[in-house]
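Participant: Residues per chain are reported as follows:
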Amino acid sequence: MIYFDNAATTMIKPPAVAQAVATAINTFGGVGRGAHDAALSADLQVYRARAAVAALFNCPQPKNVAFSLNITESLNIVIDGLLANGDHAVTTAASHNSVLRPLFRKRDREGVDVTVVPIDGDGLLDMDEYARSFKPNTKLAVVTHASNLTGDIYDVAAMAAIAHEHGALFVIDAAQTAGNTPIDMQAMGIDIVTFTGHKSLYGPQGTGGLCLAPGIELPPYKEGGSGTHSYEERQPEFMPEHLEAGTQNGHGIAGLAAGLAYIEEHGVENLGAANAALADRFEKGVRDLPGVRILGRKGSCGNTGIVALNVGDMDSGAISDQLNQGWEICTRPGAHCAPLMHESLGTVSQGAVRFSFSHFNTEEEVDTAIEAMREIVADVM
Amino acid sequence: MREKTPKVVVTFETTTDAIVFESESKADPEALPGRIIPVPSEISAGCGLSWCADEQYRETLLESIESKGLAFEGVYGVCMY
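So the protein sequences, as listed, match chains A and B.
Position in the first sequence (first residue = 1) + 20 = this note's numbering.
Position in the second sequence (first residue = 1) + 47 = this note's numbering.
By construction, these hints were calculated from the structure, which means they are not laboratory data.
Just to be clear, a hint being listed does not mean it is correct.
[Said to hold, decoys possible] Not the full set, but computed from the structure, chain A residues with beta-carbon under 7 Å of chain B:
id : residue
1  : Gly52
2  : Asp57
3  : Ala59
4  : Tyr67
5  : Lys83
6  : Thr248
7  : Gln255
8  : Phe258
Every residue, glycine too, gets a C-beta built ideally from N, C-alpha and C.
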């Protein structure tokens with residue numbers, strides 16, 4: 021099997037990740053539940069993961085890192101917690117449904133005003149139009165750091181500066197960039213980074229979280245067990261317990277810690293460059309094939325290592341299925357939970373075939389995919 | 048019959064602060080002698096974590112707290128088993 025669906029989830033992980041989960045599941049007590057050795061083993065590993073996430077994003081304090089099930093949960097915590105009736109929020113058409121649906125729920129249920137800044141047919145954002153979208157009551161700009169469809173990275177530092185000029189908070193969806201692209205909360209002016217663990221952080225599914233800049237406060241999305249302060253009627257006010265009701269996924273977070281250690285050892289820039297180089301090799305091999313249209317990849321901020329394409333008017337699902345059946349190549353067709361991005365690129369009905377690369381892939385695998393695409397194109401064009 | 052002995056108990060505002068103590072102690076046990084225990088009920092009801100060491104280590108602990116910039120809530124003298 022050749023796995024090119026790393027933008028959905030990385031399948032090939034550093035071996036230490038599975039080892040860490042196996043050790044944890046046989047040795048951990050409940051995270052934050054007691055002072056015995058088994059609980060402290062879990063506590064220590066979760067703290068190490070917290071500290072590693074803080075270091076990765078230059079978040080000032082590990083305590084400002086709260087874990088969650090995934091980035092969808094993180095974005096729901098942020099969007100639900102920060103917006104209320106009378107507020108205005110800004111996002112872009114590059115957003116994933118994990119941003120769009122919580123925003124539209126706030127719009128429909130509470131009357132929150134939402135502006136979606138358009139993306140053009142090349143996948144680019146007009147920064148002037150983004151700046152014009154802010155209003156006096158704009159509370160929040162929540163944007164994707166990189167499109168999960170094209171892999172194109174957006175200039176979030178510039179977007180943060182514009183948001184702050186208008187007195188709005190700035191939040192990024194780092195699903196595609198965490199572990200792949202450098203993120204410095206303090207240098208870039210990001211108020212909240214939301215992340216998932218199972219993509220380029222190489223952790224297990226069921227791990228994710230958010231990082232808060234100092235002074236940013238969110239109400240708890242859930243309330244319940246906290247392990248301490250049990251006689252208080254409500255969730256503790258202090259982080260991270262404030263946002264971590266219930267026993268955390270200690271086993272998964274132990275695996276995430278191993279993934280983070282791997283990233284620290286190899287360097288975000290190096291891993292991202294390796295992913296991008298494989299994508300570039302693939303694009304070079306297929307872009308001139310008859311009928312092939314490459315989506316995006318025209319931005320100036322780089323790409324996370326994705327090539328999304330179509331062939332003529334062929335259904336993207338049919339191409340992806342041929343790749344799977346004929347060459348055991350795993351790709352993702354369809355809409356990628358990015359409906360407005362597909363509208364922008366004119367690919368709503370056709371979808372697109374997304375090849376998303378990992379540095380664990382090889383050039384030989386890429387060349388096999390190029391050859392497969394040549395054969396598929398030769399059959400239909 | 049066991050006798051109670053004087054201990055120094057450090058309490059924390061957050062569980063994470065307690066785990067930072069544990070992490071620092073694992074890295075440098077001499078500078079941070081002691082271990083995590085449940086908060087004694089005579090200090091606070093509930094189920095939080097605290098740091099406990101023999102009273103003789105009080106000064107060592109306080110110096111480490113200062114030099115390492117560790118967050119804590121209070122320091123108590125308690126006679127415990």
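Participant: Take the hints in turn and mark each one as holding or not.
Facilitator: Each hint tested on the structure:
Here the hint on Gly52(A) is kept, as its CB sits about 5 Å from the closest CB of chain B, short of 7 Å. Annotation: Asp57(A) was flagged as interfacial toward chain B, and the flag is violated, the nearest CB pair being 10 Å apart, outside 7 Å. A distance limit of 7 Å between C-beta atoms decides the matter here; for Ala59(A) the minimum to chain B is near 9 Å, and the interface restraint is violated. The criterion of a C-beta within 7 Å of any C-beta in chain B is met by Tyr67(A), whose closest approach is roughly 4 Å, and the hint holds.
At a threshold of 7 Å, the smallest CB-CB gap from Lys83(A) to chain B is about 5 Å, leaving the interface hint in force. Nearest Cβ of chain B to the Cβ of Thr248(A): about 4 Å, under the 7 Å cut. The hint holds. With 7 Å as the threshold, the beta carbon of Gln255(A) stays out of range of chain B, its nearest partner Cβ sitting at about 13 Å, so the hint is violated. Because the closest C-beta pair between Phe258(A) and chain B is about 5 Å apart, less than 7 Å, the hint holds.
Checked against the numbered hints given earlier, this structure breaks hints 2, 3, 7; the rest are met.
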